[in-house]
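Participant: Here are the chains, one letter per residue:
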Amino acid sequence: MKVILLLIVWNLFLDYCLLLMRMIECKDLKKIYTTGDVQTAALKGVTFSIAKGEFVAIIGPSGSGKSTLMHILGALDNPTSGSYFLDGKEVSKLDDDELSDLRRDKIGFVFQSFNLLPRTTVLRNVMLPLLYSQTSEAEREERARQCLKYAGMEESKFLNLSNQLSGGQMQRVAIARSLINNPAIIFADEPTGNLDTKTSHVVMEAFQELHKKGHTIILITHEAEIAAFASRVMTIRDGLIESDVKK
Amino acid sequence: MVAIDILKETFWSLSANKVRSGLTMLGIVIGIASVITMVSIGQGAQASIASSIQSIGSNLIIVRPGAQRSAGVSGGAGSNTTLTTEDADAIKAEIQNVGAVAPEDSKRAQVTAKGTNTNTQVIGTVPDYATVRTIAMEAGTFISAQAVKSSAKVAVLGSTTRDDLFGAGVNPVGQVIRIKNVDFDVIGVTVAKGGSGFTNPDDSIYIPISSAQHFITGDTFVTSLSVAAVDQSSMVAVQNQTTDLLLKRHNISDPLQADFSLMNQADIIATASSITGTFTMLLASIAGISLLVGGIGIMNMMLTTVTERTREIGLRKAVGIRKLYINLQFLSEAVALTFLGGLIGVGLGWGASVAVTKFAGVATQISTSSILLAFGVSAGVGIIFGFYPARKAAAMSPMEALRYE
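The listed protein sequences derive, respectively, from chains W and U.
Take the position in the first sequence, starting the count at 1, then add 5; the result is the number in the numbering used here.
Take the position in the second sequence, starting the count at 1, then add 2; the result is the number in the numbering used here.
Just chain W, same shape as in the assembly:
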């Protein structure tokens, strides 16, 4: 009798620990785009969870719904139905301002097209997410410098304008920007899509570095070679998860 009770408590404890470990918890996510009278289902019911510290690559051909999934996970867009918990919070129930705060505090984003402010210095680009916050100017700059070094950016380029950089350097700046608020998760949407093979590998190594340091990373790509850098590969096709392989 005592043993059974202990087992139940132990199991509950394990479940609880597992729940704590889970960074992302998705249940039956659906996204339907309506253009005029035509309805297109980009996601047809996706269920999975991602634990803290994982490096996940979501791979799939174009039109598979991987970008849509990424945008929902990144709190940039809302699902049509289903539930999505990020770090224990139900994202689909948040309003616009709460979503903004969530993106600021928990999420770092790296885009395919870098999305840096043109004609603006590297440092100011990295400090962008800290605008209008209580952080002092000196601390903002200090943190930006640290993140840039962390992302492997040479210090001599800190005051260069963003449009004077090479593609690889731009993506490093974007990675540094995504790190500035010390986010729980880093999302990367085809971060190597605009880069040549050599630079791609350099950027991917930078992500592996971040993974080793304990960051949770979710990456989207359509190249198996890039996905190979990750520790878990989810394949998406036609709005559904086709396979989910952990290394």
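Hints are computed from structural coordinates only; laboratory data are not their basis.
Any given hint could be a false lead.
Said to hold, decoys possible - With a cut-off of at most 16 angstroms between alpha-carbon atoms, the simulated EDC-like pairs for lysine to aspartate or glutamate come out as follows:
| no. | chain 1 | residue 1 | chain 2 | residue 2 |
| --- | --- | --- | --- | --- |
| 1 | W | 35 | W | 243 |
| 2 | U | 116 | U | 187 |
| 3 | W | 162 | W | 144 |
| 4 | W | 252 | W | 59 |
| 5 | W | 98 | W | 30 |
| 6 | U | 325 | W | 106 |
| 7 | U | 10 | W | 103 |
| 8 | W | 111 | W | 142 |
| 9 | U | 10 | W | 146 |
| 10 | W | 49 | W | 247 |
| 11 | U | 394 | W | 101 |
| 12 | W | 57 | W | 100 |
| 13 | W | 94 | W | 106 |
| 14 | W | 251 | W | 100 |
| 15 | W | 94 | W | 110 |
| 16 | U | 195 | U | 165 |
| 17 | W | 154 | W | 210 |
| 18 | U | 250 | U | 261 |
| 19 | U | 325 | W | 103 |
| 20 | W | 57 | W | 92 |
| 21 | U | 325 | W | 20 |
| 22 | W | 111 | W | 146 |
| 23 | U | 325 | W | 42 |
| 24 | U | 325 | W | 102 |
Starting from the known structure of chain W, fit chain U onto it as the hints suggest.
Facilitator: Positioned in the frame of chain W, the structure of chain U alone reads:
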């Protein structure tokens, strides 16, 4: 912290996109400057015409003798000899709201002084004439009441007459001139008023009316009466009462048979200002069109930057900046742009008005209302079209804004 960030960010954003900021401001600058300059030229012209009419005297009614008739033969207007200094005294004494009445008895005469001579209008009059015709003294004094009483042989020279007789800029007070073989002491010179033709007030000599009647003209009547009403609104009443009084004094029952006629300065001003009013309207409508064109320019510039800016807004939202701050940021940028452009525009319009006065010799008058109107319209257009698209973009989801084409 937020306010400082917004100001800093505004400065960075505008200075990082110099061409864009410059072109947007150019529309505002041109719109405002052209309106201010054009309206200032129009109003300057109006003011200068009004003031040259006013310089004859203000609220003036001139009574002139009518035609002399004897046995059905008309002697022509002004030939009658029935208007007298007593009529002037009566008008002043009996009619309300009359500021001053100045009779004058004038005649052209040859005048000599120390070997030079000129032919000019010799006007016999009274001290009130200076009030009625707004005559100011450059040197010396005008005719005094004492001089009129004693038929003193004193003369006040118009500035042109002084130039002709003594040379430009010379102070002739204390010198002697000779009019029709009678010596007069010069006691003053008037300030030049400008004007030309038969009634140039600068090319005249003023002497006491009694002296004129005794020594120069030999008349017992006066050639005209200048009546000044105290203000614009009493002009009509003064004019009607003067007519009635003179008819009564001259024993004329039928107004059509009157031996005098009245001329009202307000009529002249009304005609002139209706002309300048049209002129100002013309300039204002040209300015209005340039304001419209400037406004469309501002609108165009603001709207064409929307694509780039919408993506920027998407990025700002994606990195977790709240909608409110994005709105404030873009509002602040639009306000900064329009105010900066507005200030430059006002400065340029001001400068252009001054330059027009200086180099083209056209009088200008900068009006506050034109500045406010031009500034208001441009700032309104700039802020609405700078802020509204940004507000719309900030309300989109970050992805929508990032993908905006």
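Participant: Determine for every hint whether it applies to the structure shown.
Facilitator: Comparing the hints with the structure gives:
no.: 1; hint: W:35 - W:243; in the structure: holds (12 angstroms)
no.: 2; hint: U:116 - U:187; in the structure: holds (13 angstroms)
no.: 3; hint: W:162 - W:144; in the structure: violated (19 angstroms)
no.: 4; hint: W:252 - W:59; in the structure: holds (11 angstroms)
no.: 5; hint: W:98 - W:30; in the structure: holds (14 angstroms)
no.: 6; hint: U:325 - W:106; in the structure: holds (11 angstroms)
no.: 7; hint: U:10 - W:103; in the structure: violated (25 angstroms)
no.: 8; hint: W:111 - W:142; in the structure: violated (22 angstroms)
no.: 9; hint: U:10 - W:146; in the structure: holds (15 angstroms)
no.: 10; hint: W:49 - W:247; in the structure: holds (12 angstroms)
no.: 11; hint: U:394 - W:101; in the structure: holds (14 angstroms)
no.: 12; hint: W:57 - W:100; in the structure: violated (25 angstroms)
no.: 13; hint: W:94 - W:106; in the structure: holds (12 angstroms)
no.: 14; hint: W:251 - W:100; in the structure: violated (34 angstroms)
no.: 15; hint: W:94 - W:110; in the structure: holds (13 angstroms)
no.: 16; hint: U:195 - U:165; in the structure: holds (14 angstroms)
no.: 17; hint: W:154 - W:210; in the structure: holds (15 angstroms)
no.: 18; hint: U:250 - U:261; in the structure: holds (12 angstroms)
no.: 19; hint: U:325 - W:103; in the structure: holds (11 angstroms)
no.: 20; hint: W:57 - W:92; in the structure: holds (9 angstroms)
no.: 21; hint: U:325 - W:20; in the structure: violated (38 angstroms)
no.: 22; hint: W:111 - W:146; in the structure: violated (20 angstroms)
no.: 23; hint: U:325 - W:42; in the structure: violated (31 angstroms)
no.: 24; hint: U:325 - W:102; in the structure: holds (7 angstroms)
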